[in-house]
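Build the complex from these two chains, which are given one at a time in their own frames, with help from the hints.
Letter by letter, the chains look like this.
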Amino acid sequence: MMRTCLALGLTAVLALPAMAQQAATPPAPSWAQGRPDGMAASPLAPHAPRMTVTAPDQVPVAALRVPQGFKVELWASGAPGARMMAEGPNGTVFVGTRTIGRVYAVTDQGGQRQVRTIAQRLNQPNGVAVRDGNLYVVAINRVLRYDGIEGKLDAPGEPADLTQAFALSPEEHHGWKFLAFGPDGRLYMNRGVPCNVCEFDRDRFALILSFNPDGSGQRIEAKGVRNSMGFDWHPQTRELWATNNGRDWAGNDTPEDTLLRIRRPGEDHGFPYCAANWQDPFMQPGRPCSEFVAPAALLGPHTASLGMRFYTGTAFPEAYRNQIFIARRGSWNREQLSGYDVVVAKLDAQGNVTGIEPFLTGLRDEANNRFLGRPVDVLVRRDGSLLVSDEQNGAIYRITHGQ
Amino acid sequence: MRPGFLLLAAALLAAAFPFGPARAAGDAARGRALAEEHSCGGCHGPQGVSGQPNIPSLAGQPADFITLQMILFREVLRDAPPMPDLAQGLSDQQIEDLAAHYAALPSGPAEDRGPRDAGRFHDGALLAERLRCGICHLPDYRGRMQIPRLAGQREEYLAGAMAQYRDGRRHGSDTNMNAVMYGVTDAEIAALAHYMAQQ
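These protein sequences, in sequence, are chains R and E.
Residue 151 in the numbering used here sits at position 151 of the first sequence, with consecutive numbering throughout.
Residue 90 in the numbering used here sits at position 90 of the second sequence, with consecutive numbering throughout.
Source of the hints: derived by calculation from the structure; they are not laboratory data.
Values in this document were obtained by computation on a predicted structure and should not be read as measured data.
Errors might be hidden in some of the hints.
[Unchecked claim] Footprint (simulated), chain E over chain R, 3 or more residues, beta carbon under 8 Å:
(1) 47-54
(2) 91-104
[Stated by the list, open to error] Computed spacing ranges between beta-carbons, pair by pair:
(3) Ala-125/E to Glu-335/R: 25 to 35 Å
(4) Arg-130/E to Gln-164/R: 41 to 51 Å
(5) Ala-118/E to Pro-358/R: 50 to 60 Å
(6) Gly-51/E to Gly-182/R: 32 to 42 Å
(7) Glu-158/R to Met-83/E: 23 to 33 Å
(8) Gln-68/R to Asp-79/E: 51 to 61 Å
(9) Glu-318/R to His-38/E: 56 to 66 Å
[To be verified] Under the rule of at most 25 Å between Cα atoms (straight-line distance), these lysine to any residue pairs were calculated in the SDA-like manner:
(10) Lys-152/R to Val-76/E
(11) Lys-152/R to Glu-75/E
(12) Lys-346/R to Thr-237/R
(13) Lys-71/R to Phe-310/R
(14) Lys-71/R to Ala-55/R
(15) Lys-152/R to Asn-134/R
(16) Lys-346/R to Pro-317/R
(17) Lys-152/R to Gly-89/E
(18) Lys-346/R to Phe-70/R
The C-beta atom is built at its ideal place from N, Cα and C for all residues, glycine as well.
Here chain E stands alone, though its shape is the one from the complex (with noise of 0.2 Å):
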């Protein structure tokens, strides 16, 4: 991407979302040498895209959410295993680094997304409407600061994610996504899941 181009793109966020304090953010090119070092593509994919089940992309995720959630990991305040394991050792600065590392990196959906059901997507797009996700998520999904990108996630991790915010299984830096939660059928969660990753 041009240097302009990311200027005017940081200055438009920083008009849109005035509130935080500015701060130092990590090293991609470091960050992508420790993820090399430690495999982390295996999982989630070379270039961040993952193809495998329930394990997501990190590709083009806000660089605050994955510090956020590493912490999570290294403090074992999230049970995802292995990556409590996988976290510990690592220094804050090394932590964003991969961040910047990730976020960096072009989203996209996986190789493996299947064909877009119009039924459930409709339905998706309705409750997403109605559960106003976009007013945190941003009307396309692509997330900000400590809050995830959605847009092109796997659909199966999506429904798992989903699932465990509504049973209390996963918290975030707060209780919102556990309140938004609240109530919502699997069958609703399904349709979530599959409009946001066919986006």
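Pulled out of the complex, with its shape left as it was, chain R reads as follows (with noise of 0.2 Å):
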């Protein structure tokens, strides 16, 4: 979801000259900049989530469908909200949600899954990550560490709260975080823009940041990065790659989301003014495409394209080694749906995408327009198999190849 920004009604709410009066009150917070008159009744608006554990044999399960030679299954459910994923040294998948603030610990047993709730009552806890056995948790207003967490999956005790070191900003607006560590050891999250498309300071939203695992030494990797949901390490050239969230209210097809090449820390991406190659008009006076880095790919009209992996198993076949899983959560903006599977970006041997291909589909009922599931994160388990996150079902596929 939630590109969420902008609030419906919010073009009116700002153009009221009643508002005008209240001079005492901060400025407007801009969420529904960007949203032309032509739209101001459409009935668009974020999909409700689904909060309650459903069923294993109400999971779409069957509905899924992968390429030739793989097999999908339903992997764990009954983990309502199931967003980003990161795996322990002994196999423990963990799991960050947003509106029900919980983390989830997956563990095999013996074939079957056990869903633990280790940390709740958090704010978007979105943010997952895993580095020497201890677990750390982000929400929008917090930085949690979780030492030796899967020697205590059964009662994690206080985590250490390194809240006050990274100085996170409040905002709520896509506030949430992805997480993931670098191979330079360094923890690595998003900055979100907090509206949907407005005037703010580039150097302290629309950002890739990193830190060291102690919340010091703060450092800009990327620029002009609306809201990126997801982000992996090229294996081989160790490059910075991302996905990013375009704006809403642009039109049915316009912008795209895009996949980012970061080939040096601290580039210029272009968002407020460009986005995948289109200057958007709203921002006046604009700044041409040609200022900034142009995306790696496009992913498609408001596809909400989050969590993504290179592969790294040796499982698939060799023409998925170092190519890129891509989650595409599914659109709210748009009157035709879009997104709601996995996708993989082709590179070839100098790292140029040469493709988008549909890899995990079915979950977009296109004949009635309607979804049956929303792909939030991508995961590489170190036995080669993919696991996929659903948020809307609580659920997690495990997709294998051959045997």
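In structure tokens:
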């Protein structure tokens, strides 16, 4: 979801002459900027989340399709709101959420999966990452570290609270984090823009940041990135690659979400002036796209391209090695649904994207313009299988090849 | 209600809002028993129409909305005493059953609803139009999915809820209401609440 930004009706709010009289209030947060008058009565709104358990027989696994030779199965369920995933050294899969405020730990118990809630009552603990056996959890306003987590899943105890050291921004909007450790041992996270499209401090928002694991040494890794909910490092070149969500209310087909290749730390990727090779007319005066780094690939309009990982295993055919799996959670700000799948970005030896191919499909019912589930993240396990989290059904699918 | 009408209504709703996945509904009969067991009606009214200030009516609310709010209470993510305490220990199924029960009850205004004030009603109508409340809450404000029914709700409850959204003290499953209410004055909230309560 939610590139939720835009409140329906906000354009109207901001346009109200009556608002001008409120000189005492701070400037409006610009949530609804960028929506043309012609869309003011659009019924499009973020889809309702599901925060109750979906029984295993209700999970739409039978609708899922993968390429020939692959197999997809239900790996875990009963984890409402399951989003970002990280694997511990002993194989525990940690799962972050947003609205329901929980972190789950999923373990294999003799062919069955056990789902534990190891943290709760957090404000959108979307970000999870594991380093040296310690689990890092990042909510909008908190950074927590659970040391030696896999040895105490039944009683995690009180985590170390690193909140103060990281000094996160309190903005709720696009304030939930994707979290990952880089090959340099630093902790990376996004800081999204607190609006749909607006003027903002470009050194404070629309960033990918990195920190020392203790929260010191903040560094800007990428600028002009509206909101990235997934990134990973090329296994050979170690370049950082990231997905990025395009803005809402610019039309059914504009702009597209993007895949970014970040060759040099601090590069500017263009938001809010330019997205997906499209100069946003909302920004006046504008800046042409030629001033910014072009995306490596376009990922479709409003698809909500989120979690992405390079395939580093050996269990899939050679053609998938070092290619990028990308989960597309699916659109709300588009009349005909888009996304709701997992695609593969195919890269050549030079790291150029040669195509975006479907991989996991079946969750978008095109004929009826309905969706059955919402893939948010992908995770390559040590055994080479690929996990896909489905937030809407609180489920995790497992994709294997051959056998 | 006749089954035929329900089917037609469901079909119309599906046609209007085709996006969401089908889901297993709660059981209204089990929900009614649970509501009696927990004395929900003591505050929310025996038929889900509240006669108590600042306690919302639940009758006719969309089931998804009730489920969402109950989960937020149970997870202690929404602060509205005593609901977080009362929601502890409820299973997902029990919450969905309660939601099905209240969603099936006929909505209506509280017995103590005051008379309509033509001036405030008119102001509220204009504001509702400008804020486009009817896009998400539907033109008759009966709500849909996670978006609550406003029509006939208690006036002072609506005013309190809108102020909470404006002041960042309440959140839904997204931040839309916080954004919609940004900068809306207390007087404007009072007019909106009156207009919605008088539907």
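To see whether the hints hold, each was checked on the structure:
Counting residues of the stretch 47-54 of chain R whose C-beta sits closer than 8 Å to any C-beta of chain E gives 8, which meets the bar of three, so the coverage hint holds. Three residues within the 8 Å Cβ limit are the bar, and the stretch 91-104 of chain R against chain E gives 4, so the coverage statement holds. The beta-carbon spacing between Ala-125/E and Glu-335/R, approximately 29 Å, falls within the hinted interval of 25 to 35 Å. Take Arg-130/E and Gln-164/R: their Cβ atoms lie about 42 Å apart, and the range 41 to 51 Å holds.
Between Ala-118/E and Pro-358/R the beta carbons are some 59 Å apart, a value that agrees with the proposed interval 50 to 60 Å. Distance hint for Gly-51/E and Gly-182/R: a CB-CB separation of about 59 Å, inconsistent with the stated range 32 to 42 Å. At about 27 Å, the beta-carbon gap between Glu-158/R and Met-83/E stays in the expected band of 23 to 33 Å. A C-beta distance of roughly 52 Å is found between Gln-68/R and Asp-79/E, which places it inside the suggested range of 51 to 61 Å.
At about 60 Å, the CB distance of Glu-318/R to His-38/E agrees with the hint of 56 to 66 Å. Straight-line distance between C-alpha atoms of Lys-152/R and Val-76/E comes to about 24 Å, which keeps the hinted pair within the 25 Å bound. With a CA separation close to 22 Å, the supplied pair Lys-152/R and Glu-75/E stays within the 25 Å bound. Between Lys-346/R and Thr-237/R the CA atoms are separated by roughly 16 Å; this keeps the pair inside 25 Å, and the hint holds.
Proximity of Lys-71/R to Phe-310/R is assessed by CA-CA distance (about 19 Å); at most 25 Å being required, the pair is judged to hold. Restraint check: the Cα-Cα separation between Lys-71/R and Ala-55/R comes to about 21 Å, which is no more than 25 Å; the hinted pair holds. In summary, the hint linking Lys-152/R to Asn-134/R is supported, as the alpha carbons are separated by about 11 Å, within the 25 Å threshold. Using a Cα cut-off of 25 Å, the hinted pair Lys-346/R and Pro-317/R holds, with the two alpha carbons roughly 13 Å apart.
Proximity of Lys-152/R to Gly-89/E is assessed by CA-CA distance (about 24 Å); at most 25 Å being required, the pair is judged to hold. Taken as a hint, the Lys-346/R and Phe-70/R pair is honoured in the structure, with Cα atoms around 18 Å apart against an allowance of 25 Å.
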